[in-house]
Amino acid sequence: QQQVKQSPQSLIVQKGGISIINCAYENTAFDYFPWYQQFPGKGPALLIAIRPDVSEKKEGRFTISFNKSAKQFSLHIMDSQPGDSATYFCAASVLSGGYQKVTFGTGTKLQVIP
Amino acid sequence: EAEVAQSPRYKITEKSQAVAFWCDPISGHATLYWYRQILGQGPELLVQFQDESVVDDSQLPKDRFSAERLKGVDSTLKIQPAELGDSAMYLCASSAQGNTEAFFGQGTRLTVV
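Going down the list, the protein sequences come from chains S and X. According to the working numbering, the residues represented by the first sequence are 1 to 114, in order. According to the working numbering, the residues represented by the second sequence are 1001 to 1113, in order.
For the record, the hints were derived by calculation from the structure and aren't laboratory data. In this text, a Cβ means the ideal position worked out from N, Cα and C, and glycines have one as well. Careful, some of the hints might be misleading.
[What the hints assert, rightly or not] Only part of the chain X face toward chain S is listed, based on derived beta-carbon distances under 7 Å:
| no. | residue |
| --- | --- |
| 1 | ILE1026 |
| 2 | GLY1042 |
| 3 | GLN1050 |
| 4 | ASP1051 |
| 5 | VAL1055 |
| 6 | GLY1085 |
| 7 | SER1087 |
| 8 | ALA1088 |
| 9 | PHE1104 |
| 10 | GLY1105 |
Starting from the given sequences, assemble the full structure and let the hints guide the process.
Given below as structure tokens:
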């Protein structure tokens, strides 16, 4: 119920292309869906997040698409750049017992080649 | 810009020794998390504090790991005795009250030899 499934495990995209990472969840109580970007040797950093009352959120080249009925959400990186090469984690969280419970996906290692 | 501070950044310790990590969350953040991240995997929650109280330690190996947040501000995670399988990145994160983003520190890379 608390699991978040992420795919693909790794992704290679040419510079200028679109990177797409998908996540699926089971717990319909989740109500906050952040994406984190992690560079080697660093902690994850929030990239973009969405709440289930909207179907899409765009920030620069990064877009989250959210499908509540399918219990799926995805990250699209437009015009992918070599500097986007990192590991991306989706997450889902819910307030439970008065505190936030966060579940992370397994991560997608993105490599953008020139 | 406010950030989560962790120390040390790197730690090498021998098997069976004790090791401790420190975290100072963003000021005012009531929720503090300790995660373990094995290379190539996602963060795994070890323990979660709400102020000074533990609200989730279901995945903490309590025979060797302990965590405290005595005044509801900074926190210490201890491992005693360390085992080879404990080699990982230990991440601290904090968040404000409610269901919102968690801010991560740079992590402590632990190597047990």
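Hint check: is the beta carbon of X:PHE1104 less than 7 Å from a beta carbon of chain S?
It holds, given that the least Cβ distance between X:PHE1104 and chain S is near 3 Å, below 7 Å.
Let me know if the C-beta of X:GLY1085 comes in closer than 7 Å to any C-beta of chain S, holds or violated.
Given a least distance of 19 Å, the restraint on X:GLY1085 is violated.
Would you check whether X:VAL1055 satisfies its interface hint, that is, whether its CB is within less than 7 Å of any CB in chain S?
5 Å, holds
Using 7 Å as the Cβ threshold, decide whether X:ILE1026 counts as touching chain S.
13 Å, violated
With 7 Å as the cut and Cβ atoms as the points, is X:GLY1042 at the interface with chain S?
Given a least distance of 4 Å, the restraint on X:GLY1042 holds.
Please verify that hint: X:ALA1088, Cβ, nearest Cβ of chain S, below 7 Å or not.
Where the cut-off is 7 Å and the nearest Cβ of chain S is about 13 Å from X:ALA1088, the hint is violated.
Does X:SER1087 meet its interface restraint, that is, does its C-beta lie within less than 7 Å of any C-beta in chain S?
15 Å, violated
X:GLY1105 as chain S interface residue, shortest Cβ-Cβ below 7 Å
X:GLY1105 check passes; min Cβ-Cβ to chain S is 5 Å, inside 7 Å.
Does the nearest C-beta of chain S fall within a distance shorter than 7 Å of the C-beta of X:ASP1051?
10 Å, violated
Answer holds if the nearest beta-carbon of chain S is closer than 7 Å to that of X:GLN1050; otherwise answer violated.
5 Å, holds
The earlier numbered hints that this structure contradicts are 1, 4, 6, 7 and 8.
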